[in-house]
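Trainee: Make a model of the complete structure from these sequences and hints.
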Amino acid sequence: MRKFILFLVLVISTFTSPAQPGRLITGQVTDQELKDPLIGVSIAVKGTNQGAVTDKDGKFSLRVAAGQNVILVIRYVGYTSQEINTGARDVINVTLKQENKSLNEVVVVGYGTSSKRDLSTSVGTVNVNDLNKAPVRSFDEALAGRVAGVQVTSSDGQPGSQVSITVRGANSITQDNSPLYVIDGFPIESADNNLINPQEIESIDVLKDAAATAIYGARGANGVIMITTKKGKSGDPVVSFNTTQSFTSNIKTMKLMNNYEYVEYQLERDPAVGDAANTTPTYYLLTQPGLSLEDYRNMEATDWQSPFFRTGGLQDYNLAIRGGNSQTLYSISGSANKQDGTIINTSYKRYQGRVTLDQNINKWLKAGVNTNYSYLKQSGNSVGASTNSGTTNILYSVWGYSPTSSFSEDEPVDETTASGNDYKYNPLLNQRNLVRDNITNSFNVNSYAELAFSPSLKLRVTGVLNSNNVLSESFNNSLSYYGNPQTNAGKTNGVNGSTLTAKAFNWTNENTLTWSKVYNKTHNLNVLGGFTQQGNKSNAYGYGANFLPNESLGLSGLDEGISNPANTRAVSSEWTAASFLGRVKYNYRSKYYAEVSYRADGSSKFSEDNHWSYFPSASAAWRFKAENWLKDQHVLSDGKLRFSYGRTGNNRVGDFSYLSTTSLPGTLSYSFNNTYLASVIPGYNIADTRYYVIGNPDLKWETTVQYNAGIDLSFINNRINVTVDAYTKTTKDLLLNADIPTSSGYNRAFLNIGKVENKGLEFSLSSTNINHGDFRWTSNFNIAFNRNKVLALARDQQVLTTSVRWDNNYQNTPAYVARVGSSLGQMYGFIWDGNYQYSDFNLTSTGTYVLKDNVPGNGNTRANIQPGDIRYRDLNGDNTVSAADYTVIGNGLPLHTGGFGNNFTYKDFDLNLFFQWSYGNDIQNTNRLVFEGNGLNKTFLQQFASYSDRWTPENASAENHRVNGFYGGGYSSRTVEDGSYLRLKTVSFGYSVPVQLLKAVHVKSLRVYASVQNLFTWTNYSGLDPEVNSYASALTAGFDYSAYPRGRTVAFGANLTF
Amino acid sequence: MRHTLVLFLLLSLGFTSCKKFLNTDPSDFLTQEEYYNTESKLMSALAGVYQPLGTAGLYGDNMFDQLGAATDEGFYARSAQTTGTMVYNFDYTNANLADFWNQLYIGIERANILIKNINVASLDERKREAILGEVMFLRGYYHFLLVSNFGDVPLKTEPTPSVSAVYVSRNPAKEVYAQVLADMEAAESKVFTATELGYGGRISKTAVEGILARVCLTMAGFPLKDESKYADALKWATLVKQSGEHRLNSSYRQVFINVHHDLYDVRESMWEVENKGTGADGYGNANRLGNTNGIVATADAVAAVVGYSYGFINTTAKLYNLYSSGDLRRDWNIAPYTYGYNTAAASVYKNYLVASNIYGRNAGKWRREYELTATKSKNITPLNFSVLRYSDVLLMLAEAENHVNGPTEIAYDAINQVRRRAFGFDPATAVSSVSVVSGLTLSGTGNTGYLTAGKNNLPVNITGGGGTGAAGEALVVYSATAASAKVTVLSLTSPGTGYTSVPAVTVGTAWAANTTYTSGTQVFSGNNLYTVTTAGTSTATAPVQTAGASAAAVTGAVFTYAGLRATATAVISTSAVDLAGLSQTSFQQAVEDERARELCYETQRRPDLIRWGKWVSTMNGLAADMKASAGTYAYGAAGGANITDRTLLYPIPSSEVSVNKNTTQNPGW
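Chains A and B supply the protein sequences, listed in that same order. Residue numbering for the first sequence is 10 to 1067, as defined by the numbering used here. Residue numbering for the second sequence is 158 to 826, as defined by the numbering used here.
Simulated from the structure, these hints should not be mistaken for laboratory data. Take these hints with a grain of salt, some might be off.
Claimed, not checked - Capping the alpha-carbon separation at 27 Å, the derived lysine-lysine pairs in DSSO-like fashion look like this:
no. : chain 1 : residue 1 : chain 2 : residue 2
1   : B       : Lys784    : A       : Lys861
2   : B       : Lys818    : A       : Lys741
3   : B       : Lys535    : A       : Lys500
4   : A       : Lys65     : A       : Lys106
5   : A       : Lys512    : A       : Lys386
6   : A       : Lys798    : B       : Lys818
7   : B       : Lys177    : A       : Lys512
8   : B       : Lys507    : A       : Lys500
9   : A       : Lys358    : A       : Lys261
10  : B       : Lys177    : A       : Lys546
Mentor: In structure tokens:
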């Protein structure tokens, strides 16, 4: 890094002053087709800051130094730029060709490419240049807001945490809704996007409507993300080197009670005097140290947050050599990337390399290969992870630790912690000592051969091999919570550890035949036919042991411990798929377009009778701008109407979900005569042993039918481009992991049952706002609205409630509800009605407050309800609150999401601003349940500072209930917050060093930049970060508990090519 | 031409193998039959049929905890618990009920699959028959729990064939009972005897007979009221008795201590749900016997020694008062103490409850202090649950005999065997009555100068009065008002026998000559209490001074005057042991009370009250009584108050009704 700055300084210091006046160059600029003069065209002398602009007649004049070979750069928006070497000429007349850059842009679609102009389907394109201005490790981290209708949510901000991408709303209720990824033509259902170096991505296109995705048939219903990696380009070898050095700091910490407030709260919570045997707050905080409450006023609270967070960062190095000639194209690239999270001991590393080679063997044969190897290592305890109790999440300890305990990095359990039912543990010690590593080795070979039988008939055969190997290591030494002898977990298991190796081997072969011909220069026909097959074998083997005698050996000492069958795992499986596909594209004079496609998919995941399914689609477009009556309309530069219909599928079920399984797991043993005997368990489901699953031989594909209508408009020489799409899609025969009557002896089966509808509107706009001389300002904006509706659930089922297992007290409490007729992801619980006030009570002669008969209770015993207690609304009028009063209290799905990007360039400077938002979604902020009123009712638990303002007789208007005034029984709207946010996601400022300055040092180009990620967020959300989804699924959107907050990243970098 | 050929070859290669290509076989599991094709796998399959019994849904927790909390024997001791089955404030969506129902049907399904595959393996036919018998019994037993708790339920005697055949309707209770009897009767002739098995974890012939007696008594009572079944119950219970394989353990408490010590006592404990380990071994034990329903031990220091217990179930005064003086079962079933922790001495002591505090007493049948596990788990215990004990069979025999033939000698013998053991006598020998120490009264005078350091429990000696065996223990606690510690509670640990007059009582240790004393020990001499301040061996001269220290030269150890010793008096009373001369009706009442005394907290009370037709009235009466007289425990009336006629049956859980329109809901739910 330092070397680069030095280099930069050198380069700038050699900057020379402008040339002397001499020669006068004049000329006129006209449109090549229309021959009209062009006004306001920028004429610049290359390598200088000299320039001119054409006048109303399209004329310009420019004085340059005499005797020079001047190179003029002529730029005009909507036209192709030109560079002209004047030679000796003083009069330069230029004709500019209208460029239709955006419309001629090539878009990657299924089994081929298309120009944007000729698309009759809905495809969104990611501006990869802008995307790469965000200093991120993986492209999906920067994808949110880039394409209308592509919703990206990540569970939290931990390096490598799960990112879920949903295209046009969730179809499936219980199954995976992530799109199909097609990476260099290779379809993969559950891609680890970390495997791809974003710097190597050439393009990302998102196929959204069914006509675009139906060519992927049974796997296309969730949308398809087409990723193409960079290949070699003909010409001299280009060596490029990019580096980013960034620093990430935590944006926000929670404001916690100070010592006085904490002690006051604890004394109020438990006023008993206590003694050494019964350490009440009074004893522990006052009697024992000999202090009074007042003494705590000026005592500094121990800060557990600051040492837990740190400045993280990303170091990224990319080196690539790309080049080739007419016969051979090659590309060799590699990268090293290391990211440290903003929480201690969390990191992510990637080492990756790619080689691509394309070779023309002879006139009719061409072949190529694209291989990639990636090594990923994610380290560190997941902040969101817990084991049954919400008190095992690490942020619980960070926030909940007593502020009066002196700071210690090595004392495992604070003496106030009742470790029997409160799993608080020194968060620093725990975070430092837990080993949670996931190591991925992935190798991918992608090869093809293309035979040209004739100029119009081509056969393409591809073969892909992919080997993926994930090793998960977990180790709990005696300093970590799970292995410390002072904790329950440590007592039960001792020092313990486990490993799991999951391997997947995947191969694909695709054979397509394309016949493309233009008849009479008017009829364009493109016919595709093909056959593909794919197979996957996977296995996972794991082993774990407890009571390891030699913890210094780490995982190598596993063999010395006591084997734990719960961590012994051995599973293997396979699936195969085969498809026939066909597509006919036709257009007449690039004016009328029609396209039909058909795919037959066979999958081993279903019984023989249901192997095959069929997915047709059709689309049509009318490019009305090409009509004669619009030819002379200059404001409108292009216009096209699109309609499409298609059926797509989803086969995301287990490889053998159609069969009933029987297993003999040691983990469900029974003992006879005090000797364990493993049980034969029919319907055993290793993935979630709460469920006993019966096979469904009738299982088949889930089918989505989608209609799309869209319009593409361009105005003023394509300065403004607008795309609007409206769609409606209905998914039926949902692959629902459905509840079945439990009298069967099972409780789950995959059924093709239920129906979901998604309707939406997407609007994208890109514009060149200013293009004047050296200054250029372009914008792009997109917004998407999606409305989701459940049309049917499992047989006879009207309501599906889902609980979130963040704490065992809440594992059966419904947090979300899906009702027939409403959307997925609705939060469920009581309506919070503030607190009980004195006016709700009768004062008895003995001085106690008794709730008036007509005032509904909150679920607690009426006699126990006191002024200041939390109050919920009694909806059914039975004068108390129970599960019957649950109602919808929030919606985890946004009303609209979108992004707004701006690029400014001035001379050699460029500035990119990217905003991204989500509006109308709610967050169930469960952190407040625990830390704003102590909903889990733990002793000596620190609270958020906001709880200092709570109901007391003197402060009866406070929103928070009194101390001990919480009563649960369900989630409530008290902790539901508006999760809308607008985020200035990326700010990137760059400087491209002028070319002639670089020539001397044999550098082709150099851009240096500084950028900031997550610079500012506008939100009313009180938690650390509104971009949160702790328990992400279609049913449980927007839940926040102990989530890893996103940091603010400041990055510096350079892109260098030789 | 060459190109076309290549193309043709490629395409044909693709098409031909397609069908075969898509037919994949699972590599991770076998076909169902292959899990039943050897003897050892068949035993594993048998284990799989038993396995639901030990889960949290059945005898692992639910039945004695959430579902078993509200009876007239006990209540759920958490005032904040205002919803749930523990307080009978729930609806058909209740998770505990769903778990109960689900596990029973999981067991039935596994039984049906095993029965279907019983002949796949080759093995000794006697063993095959026994396995078949056990499985048929369990299928019957699971159905019995279903029909007696839910009324009409789907009757399943075949494995669920496919997911499309799961939408079944309910069969009338009578049909279900008929199948229960058929399954169990078939099992009776197939299974091994208790002696052959040697342990109670598998179903023996007499266990089948005992459960058959239970089923028949249930059928004879409400709601079926099939009176003819009393004779059948009598027949089955008599068969158990005549088998000669069973007898009562001479000590009531030992029955339960054995469970903690992982010892089988197949003579008394005829069928046990087996549990093993603490869950840490990974084999899936989830049992919470003694953990949810033991003597409360939640403080870290206490739990570390005794084993964690939530103490969810407290007793009722009704049960407590059912015991007459000298009945040893009372202070075992109902813990007279909780645990305290003495920080200075770093030891756990018994925090005896004052005599008037009845509702504050935990159910004490299972006490983790007896658990032998090296590292006690917080939430999982290895204790086996006795589903059928011989005393239950004897009481069923007495009840059935009384119904069929009146209070005959056979009936009296059966009930009196249980009673004699309860008072500490040989069950086989007639005992008309017993005179015992029934109480200790602490004197209001003296009782100063006690130290708590290391000695919160002092011995109470009871001597004279013509009897033997009575003993007690005193609780010493610090009192802020007296600015010192004093004896606060005296508790009888054994009532003794044969007391004809009031015996003498001393609290603490008397000074003795020629005894080695360590520093800090407290002894009394005369009316004075002394603390040993210098260790040593006492001489023959007792300390007598009423202030200051004794001279070491005179008394050996130095005894420093501490205060006045606590004194107490005993109360004696006489209780009948053998019952005699009762009418048929009062004999029935005696059996009902005896069942509460003998079998409390063993999941029998609710079904008993229901079959006697007394469930709603008893529970409503209990609630009224608790509201009026339970003081701070009046909240415990919630369960009884919420019980109405609809609670005679549980609602069909939502896991069934909300996804199966062919089923119906029970009335009132």
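Trainee: If a hint holds in the structure, say so; if it does not, say that too.
Mentor: For each hint, the structure was consulted:
| no. | hint | verdict |
| --- | --- | --- |
| 1 | Lys784/B with Lys861/A | holds (20 Å) |
| 2 | Lys818/B with Lys741/A | holds (21 Å) |
| 3 | Lys535/B with Lys500/A | holds (9 Å) |
| 4 | Lys65/A with Lys106/A | holds (19 Å) |
| 5 | Lys512/A with Lys386/A | holds (16 Å) |
| 6 | Lys798/A with Lys818/B | holds (24 Å) |
| 7 | Lys177/B with Lys512/A | holds (25 Å) |
| 8 | Lys507/B with Lys500/A | holds (25 Å) |
| 9 | Lys358/A with Lys261/A | holds (25 Å) |
| 10 | Lys177/B with Lys546/A | holds (16 Å) |
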